[in-house]
Amino acid sequence: MERLNQKTKMTASIIACIALVVLLVLSYTNTGTTSMLRSVLQLGSIYALAAASMNLLNGFTGLFSLGHAGFMAIGAYTYAVLTIPVNKKANVYYLYGVADSLANVALPNWLGLIIGGIAAAIIAALIGAAVLRLKSDYFAIATLGLAEIVRICVASSPMARITNGSLGLKNIPGFTNIGFIPAYFVPFIVVAICLVIMFLLINCSYGRAFKAIREDEIAAEAMGINLARHKQMSFIISSFFAGIAGALLAMFLGAIQSTTFPLMLTYNILLIVVIGGMGSLSGSIISAFLVIAAKEWWLRFLDVEQYIGDWQVPLLRTGFRMVVFSVILMVVVLFWRQGIMGQKEFSWDGVYNFFRRLKTKFRGKNTKAAAEGGNANE
Amino acid sequence: MKKISLLLVLLLVFSVFAFGCGESGDDSAANADATGISVEGTTIHIGVFEPTTGENGGGGMQEVLGARYANQLYGTVEINGTTYDIVLDEVDNQSDKAAAVTAANQLISKGVVAVLGSYGSGVSIAAGETFMNAQVPAVGCSCTNPQVTLGNDFYFRACFLDPFQGTVMANYAITEGYTTAAVISQNGDDYSTGLATYFKNAFQELGGTVVADVTYQTNESDFNALLTSIKAENPDCIFCPSSIVTATLILPQMTANGIQAQVLAGDTWENAAIISNDAVGVAFSTFFDETDESNAVAAEFVNGFKEYLNSNPQNITWNANTDTVAAVSALGYDAYMAVYHALEALNGTDIETINSVAIRDALVNVSFDGVTGAISFDENGDAIKDTAYIKTVTEDSLATQSFQFVRTQSVADL
Amino acid sequence: MSNQNVLRVCDATMQFGGVVAVNNLNLEVNKGEIIGLIGPNGAGKTTAFNVITGVYAPTNGAVELNGERIVENHPQGKMRELYNGENLGKYNDVKVLTPDRITKLGVARTFQNIRLFKNLTVFDNVLIAKHMNMKGNIFSDVFRINRKEEDRMKAETLELLRILGLEEHKDDIATSLPYGKQRHLEIARALATKPSLLLLDEPAAGMNPQESDDLMKFVGRIRNDFDLSILMIEHHMQVIMGICDRIYVLDYGTLIAEGTPAEIQNNPKVIEAYLGVDE
Amino acid sequence: MTNFLQYILAGISIGSIYALIAIGYTMVYGILRLINFAHGDIFMMAAYFMIFAMVDFMIPWYISMFIMIIATIVLGVLIEKIAYKPLRTAPRMSIMISAIGVSYLLQNLATYLFSALPKQYPSIPILNTTVHFGEASTSLVTILTPIICVGCVFGLLALVKYTKVGMAMRAVSKDFETAQLMGIQINNIISLTFVIGCGLAAVGSILYFTPRPSVFPLAGSLPGLKCFVAAVFGGIGSIPGAVVGGFVVGMCETFMKAVGLSEFSDVFTFVLLIIVLMFRPTGLFGEKMAEKV
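Chains as they are written, first to last, in the working numbering: chain A, 12 to 389; chain B, 423 to 836; chain C, 65 to 343; chain D, 9 to 301.
The set of hints was computed from the structure by calculation and includes no laboratory data. Please read all numbers here as calculations on a predicted model, not as lab measurements. Ideal Cβ positions, reconstructed from N, Cα and C, are used throughout, including at glycine. Among the clues, some could well be false.
Claimed, not checked - Ranges of calculated distance between the beta carbons of each label pair, as one might list FRET restraints: (1) D/Thr137 <-> B/Gln494: 44 to 50 Å; (2) A/Ser24 <-> D/Gln188: 49 to 55 Å; (3) D/Gly174 <-> C/Asn151: 42 to 48 Å; (4) B/Phe827 <-> D/Arg288: 58 to 64 Å.
Given these sequences and hints, build the entire structure.
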């Protein structure tokens with residue numbers, strides 16, 4: 012493993028950032044045919060946040076939770092209920108009417124976003140005390156039950172005047188310009204801020220404590236780490252970001268329903284986490300974009316019957332895309348267990364060494380010995 | 423230190439580019455405002471935005487068939503001396519809202535100038551904003567929720583609405599002499615819950631009593647306990663707006679539980695999949711009747727469409743293994759025809775390029791005889807309809823695999 | 065050497081259902097001592113460790129650290145009928161600190177089957193042990209408000225690794241170390257919690273005579289350098305006899321002998337129960 | 009009173025099917041420590057096999073039944089060989105994720121092959137005969153279900169307790185590696201577990217779909233989830249626990265519906281589950297497993 016010096020890394024980082032930004036701007040200014048790209052990027056970033064927050068719990072703290080959709084639902088509904096403009100409430104709650112206490116409430120969307128996250132965190136704090144004592148599989152099923160409870164309660168009739176019951180909410184304010192920053196970039200900025208916080212978290216002392224719990228609970232406890240408190244913390248933080256991701260999803264969709272947050276959503280996010288690598292935030296981010304782009308965009312052609320001349324390409328018809336997608340997932344799970352990144356985070360050293368290895372491979376057998384000699388010197 | 427500086431650089435760069443693109447961004451937005459999406463070359467792309475997988479995959483596919491058939495018949499249009507080919511771009515919204523938005527964007531990025539669909543209101547509501555922002559008109563087929571078109575100038579629809587349908591069924595129940603009703607609806611489903619509420623309100627207003635109001639979960643398949651509690655109340659009729667899947671589950675269980683009450687339902691039940699011994703006697707409202715002789719357009723459509731279905735075994739599979747014409751197929755056809763007539767209306771205008779905004783403006787004034795009756799749109803973009811077709815399943819239906827038309831019902835009949 | 069008492073185990077009994085793993089154990093560790101705990105396999109040595117460190121609550125009995133009760137229990141629930149040990153009624157409080165609190169009070173341990181944080185680096189393994197004494201909360205930590213604290217922890221860790229001769233391995237993944245080094249690392253990690261009492265569970269297991277000799281010297285050194293009292297379980301008799309001030313012998317959960325190495329070596333009970341069988 | 013009887017019948021009938029399927033979950037868990045998320049979907053595929061045999065190939069029901077059970081078992085064992093076996097040494101989480109992946113694949117495959125529209129489950133004449141109990145009426149299958157369920161459970165318990173194979177199964181569930189060292193063919197035992205679990209799912213699918221004759225690609229997901237809850241409730245890994253769990257879940261949801269709280273019947277089930285887990289973290293009959301330190 013060869014290391015690059017600090018200056019090279021810095022330059023590389025700056026260049027990468029600028030490249031990223033330029034790409035984003037290009038995707039923005041080019042209207043018309045790139046709108047698909049734009050929505051995939053936005054949705055991808057939201058899923059990246061959701062996956063990263065799940066990874067914090069599943070990959071970093073070793074708590075196998077299946078309740079993510081529930082916390083996203085809490086965030087999304089809290090955001091939606093608090094921010095729907097007052098003059099549109101009558102239109103939204105057209106059947107049941109709106110609860111009196113909410114009739115004149117319309118918070119600015121940034122505040123709603125934060126409250127959405129906090130609401131999810133509060134529920135997590137309440138529930139966590141009870142379910143975090145459970146061992147792995149039991150914890151998974153308890154959180155799964157939790158998500159189902161949230162989903163059903165949100166759509167139930169006693170909640171109708173708040174959540175509009177089964178009818179769902181619409182006219183949810185979307186992304187708006189922040190000063191000179193156009194609305195299109197808002198999700199990226201919010202997600203970037205959240206991800207930076209998460210990166211800071213996993214690299215600080217508390218983050219290390221989480222990893223210690225994942226590696227060996229008993230040893231972690233023997234090192235003076237309070238298991239209950241740290242698990243609770245991880246659960247709350249993960250739920251907070253899940254709530255934010257849910258609220259962003261509500262902003263992106265503009266309309267939500269309890270069925271927007273089924274168990275399948277949790278599974279989808281889990282699969283993103285697995286493909287990216289359990290225990291790698293950068294892996295989750297990369298795989299979120301890849302999976303969303305593949306599922307929503309690149310593989311779409313599989314759903315449409317195609318003809319080459321008169322010959323109909325076999326198998327291609329409605330539903331085939333999802334079959335191919337799930338087969339790809341299985342292949343990843345079975346043969347590429349580490350996912351894209353394993354437990355490593357993105358680093359320039361990693362990229363550099365990856366390309367070096369590639370180069371060595373391509374050079375073929377003749378130079379292999381020489382390359383090995385070079386390695387030995389390191 | 424490294425991380426902090428990285429973060430700073432990131433923020434700095436973000437703000438710098440945000441400055442830079444402020445103006446250019448506005449420019450492009452302004453462009454979009456004027457014309458939406460324009461047709462390039464001589465091919466007009468029309469998007470088909472339907473669920474072909476997921477909960478509503480079955481019904482969605484039948485609508486796609488209707489649209490495909492219409493496209494087969496009316497595949498070209500002549501506007502100001504140029505002949506344009508009309509091509510359908512189909513996309514699956516998976517009966518899922520999150521997928522619906524990207525699916526809608528997929529269509530926009532393919533450059534469609536109009537969209538047909540969807541089956542199920544939830545996905546239509548979710549995608550409505552995308553179509554509106556892209557200035558592309560959409561014509562809903564069987565999305566009956568009022569929210570679809572409300573406040574969206576680019577969404578039209580070819581069918582009637584839930585408040586109308588719920589009221590119609592309440593009227594029907596009262597005219598048939600029923601005074602007590604039980605209502606079964608699906609938790610989390612806007613169609614089922616909305617329709618049930620409209621029915622309840624109207625039924626009570628007309629002097630009936632709702633004696634039981636129960637709900638079930640998505641994908642639930644055991645209804646014995648629910649039906650037992652309904653049976654205890656002994657209602658005259660049971661209103662059960664639900665998906666086809668639920669219908670096929672709940673009907674046999676009603677028989678098994680010995681429930682004699684009249685079963686009423688909404689438009690979704692018009693699907694050959696529900697026809698069975700247990701379904702005999704149910705009544706539901708729908709948009710269209712294939713045996714309606716009074717409508718020549720419909721008669722022609724029915725013959726042609728049956729032929730189309732039988733031309734390919736896969737079509738029959740998609741149509742629940744029969745060649746009965748589903749109402750949603752007729753709506754798919756009508757939605758296509760609405761766009762087609764709007765395109766025709768552009769002929770003779772001094773338009774240089776065909777664009778989505780012009781099509782939208784033309785749609786506002788479209789008026790034609792469709793398969794499901796005369797179609798023109800009101801200020802919300804909803805087709806003006808005043809009657810629903812009540813259909814039932816009889817012993818004959820079992821052999822013919824088709825529904826029997828009972829009568830038309832309108833709100834004013836009482 | 066002062067005779068100040070560090071650890072006292074009082075009448076501790078640990079019963080799993082009907083099986084008595086530790087029976088009425090009394091044990092003392094004084095400041096600066098190295099105490100050996102020996103006995104045949106399954107004698108209940110590790111269980112005794114688990115009682116002291118709070119992993120198990122004893123069925124009956126108490127544990128005192130520096131004169132303060134950290135663990136006390138009496139038979140409860142179903143155990144009330146199953147319990148067949150002595151000293152019923154002597155301990156009436158129920159106080160069981162969790163392992164992390166006991167570690168904070170200055171008791172550190174290693175494990176029989178090495179329990180390192182396998183996929184983390186050597187440096188991180190030790191750094192994690194510093195977490196419990198960190199000043200500040202999660203917000204100041206995440207947003208790097210108390211960088212000094214973080215720098216202090218890292219400096220201390222580095223210093224510790226240097227003292228223990230693991231500095232060159234600091235960026236290696238824990239499991240990539242050779243077996244002996246992993247044992248060293250586990251001890252280093254325990255030392256990073258700044259304990260006053262160190263419990264070592266078979267530190268020389270699987271080592272050859274040369275390695276165990278080194279380990280013995282190492283244990284003696286850290287006792288002096290870190291001002292520790294040490295309680296160790298060990299099977300290597302050279303190690304035990306060469307280093308321990310006093311030795312306790314367990315057999316079938318019961319204490320059968322205690323005394324200086326010389327006394328133990330000549331104790332007929334021990335020879336019968338343990339040495340006679342083993343060697 | 010009639011109503012009460014009717015509710016009891018409904019509760020017992022659904023409860024015993026939950027119990028049958030929950031056994032599949034619990035056995036696989038007992039042996040592999042794996043929550044087989046795909047079990048509900050295997051149950052759904054069994055129903056499609058039956059439709060194929062009886063409707064598409066016109067085979068009489070008594071033969072179809074065997075064909076279907078065998079096909080389901082083959083499917084289950086194939087899934088085990090392809091998706092679970094390679095992961096035997098992997099962390100628990102990976103194999104659980106693989107199970108979720110299989111479930112996802114089966115649902116999508118069913119949608120692709122059979123379309124999302126419901127298919128009519130063929131009627132088995134004998135099972136559909138109506139039986140009267142005073143004023144309460146029910147079909148024969150409702151009565152048969154608990155009987156078959158109890159029969160299967162006793163058979164299974166006898167197998168586990170008194171046969172050599174059963175002893176091997178118990179050994180494997182206690183300690184994988186030691187069992188292997190004792191000369192037990194682990195792979196055969198695991199396959200056998202899947203054979204039994206899937207066989208019961210197949211039987212369960214006949215009993216489930218005969219009175220609820222509609223099959224669609226997601227038909228297995230909700231019953232699957234509930235049976236899974238039932239298994240955990242009873243203490244996953246314990247066969248009598250799964251049976252008790254199945255009946256409790258079935259009864260609870262029936263009576264929640266009976267008292268007019270249909271909306272919250274599933275909520276109640278999950279709340280009950282969480283409460284039970286809080287007081288008995290390994291379910292009602294689950295073994296406490298202390299981790300060795």
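How the hints compare with the structure:
1. D/Thr137 <-> B/Gln494: 44 to 50 Å: 49 Å, holds
2. A/Ser24 <-> D/Gln188: 49 to 55 Å: Holds - the Cβ-Cβ distance for A/Ser24 and D/Gln188, about 50 Å, lies within 49 to 55 Å.
3. D/Gly174 <-> C/Asn151: 42 to 48 Å: Given about 44 Å between the Cβ atoms, the range holds.
4. B/Phe827 <-> D/Arg288: 58 to 64 Å: With Cβ atoms ~59 Å apart, the hint holds.
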